[in-house]
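If you read the protein sequences in the order shown, they are chains G and Y. Number 354 marks the last residue of the first sequence (my numbering); no jumps. Number 1085 marks the last residue of the second sequence (my numbering); no jumps.
By construction, these hints were calculated from the structure, which means they are not laboratory data. Please note: incorrect hints may appear among the correct ones.
[Claimed, not checked] Derived DMTMM-like pairs: lysine to aspartate or glutamate, alpha-carbon spacing no greater than 25 Å straight-line:
{"id": "1", "chain 1": "G", "residue 1": "LYS353", "chain 2": "G", "residue 2": "GLU156"}
{"id": "2", "chain 1": "Y", "residue 1": "LYS1085", "chain 2": "G", "residue 2": "GLU250"}
{"id": "3", "chain 1": "G", "residue 1": "LYS56", "chain 2": "Y", "residue 2": "ASP1052"}
{"id": "4", "chain 1": "G", "residue 1": "LYS238", "chain 2": "G", "residue 2": "GLU250"}
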Amino acid sequence: MSKVYINSVACISAQKTFDNSTFLDEVIAHDSNVISVVSPNYKEFIPPAAARRMAKGIKMGVVASKLALQEAGLENVDAIITGTGMGCVVDSEKFLSKLIDNNEEYLTPTSFVQSTHNTVGGQIALAIQCKGYNFTYVHCSTSFESAVIDAKLQLENNEEENILVGGVDESGEHTIKVHSLINHIKSENVKSSELLKSNTVGAVFSEGASFFVLSNKKQNTSYAEIADTQTFNTLPKKALEKTALDFLKENNLELSEVDVVILGNNGDIDFDNYYDVLSSGIFKNTQQVYYKHLSGEHNTVSGFGFWLASNLLKRQEIPEIVKLNQKDISTIKTVLIYNQYRGENHSFSLLRKC
Amino acid sequence: MDALKEELKNKIIEQLNLEDVTVDEIADNDPLFGEGLGLDSIDALELIVMLDKDYGIKLSDPKEGKKIFESVETMASYISENSSK
């Protein structure tokens, strides 16, 4: 079985992460309950004729994928695998609103055509003329990990050599309204630096796109090796520690060999206790890192976690802004990422220095 | 008629999201499809719905559309002769 490497990364988020020459050098301090991405200049990457029909999510996906290809030194890939929790909600909302407002008459094609979950994968394929395998996973907060698992299996078995894998979710006005009504979004504005002290229900919602070129051919510039990714639709709190230990055991790792654990704490008082089980339990003496105070929460935000892990391993530095505790580490060799959303759709991913 | 042409230009820009185009840049006789504004078949569908919704004109014959959507000038003439609103 071949190993799987992350050969390039591209992340569009609520921070200026799309520029790989920097690594959280300047951090934007948000003070809100819904945050937007820092956008690159989309016009530099997408021709105006194509861009005029694209909502933000599609633009983010297409540009992040182009940046990932650029960094990997590739013009095309063998396959494109995308994860999205909500798909193209902006166009879905537009189409459905028109349906209601116009009493099911006068429906136009553009927003309908662009509203499907696999629009981003399709637009990327059109942009780079990739006629290979193209698949989109829609599994809530494990959508991105599902895409990674698919790519990993194909690369391990040498079915493909380079696969573009990514996660993308955009904010839609109506979707935000609905999630606010059911308290999935915090009712109050929260400062990024105080997210974990908020003691309130809900998360700070956001949007973003993270794309990676995964390959079974290591380059001098590769970021990391993806050793394993596993997802769990349901996982009770009492089973968390054992599941984490079993996951490490399957990868021939002792607890002490995990140099950094990246946790998906989002400041929701009802569900951060899942992370607390690990951070105050078996990973008490491990360097802990968090990131959703920088990125906000959305269904494929674990792509930001992958982006962060990749950079930690390649650069061998941990920005102070993401540290949950202070431990001395000489070399970062192994990073474990754990994520869940509202107590469901858990994922463990293991990245190694390469 | 001039007011209608101005209105149509604004609607075309807005409905088809022609971000970088201004009303002044669309001449009355510029071809809308192909070399002119470069609109395509999806845009044609958007324009057909616009005629129906905003001017009460239902197009049933696609051949008819080719002539009507030739330019802003042809659209305005057709609308002023056939609009039910």
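Against the structure, the hints come out as follows:
1. LYS353/G - GLU156/G: 18 Å, holds
2. LYS1085/Y - GLU250/G: Distance of about 71 Å is beyond 25 Å: violated.
3. LYS56/G - ASP1052/Y: Distance of about 29 Å is beyond 25 Å: violated.
4. LYS238/G - GLU250/G: 20 Å, holds
Checked against the numbered hints above, the structure breaks hints 2 and 3 and satisfies the rest.
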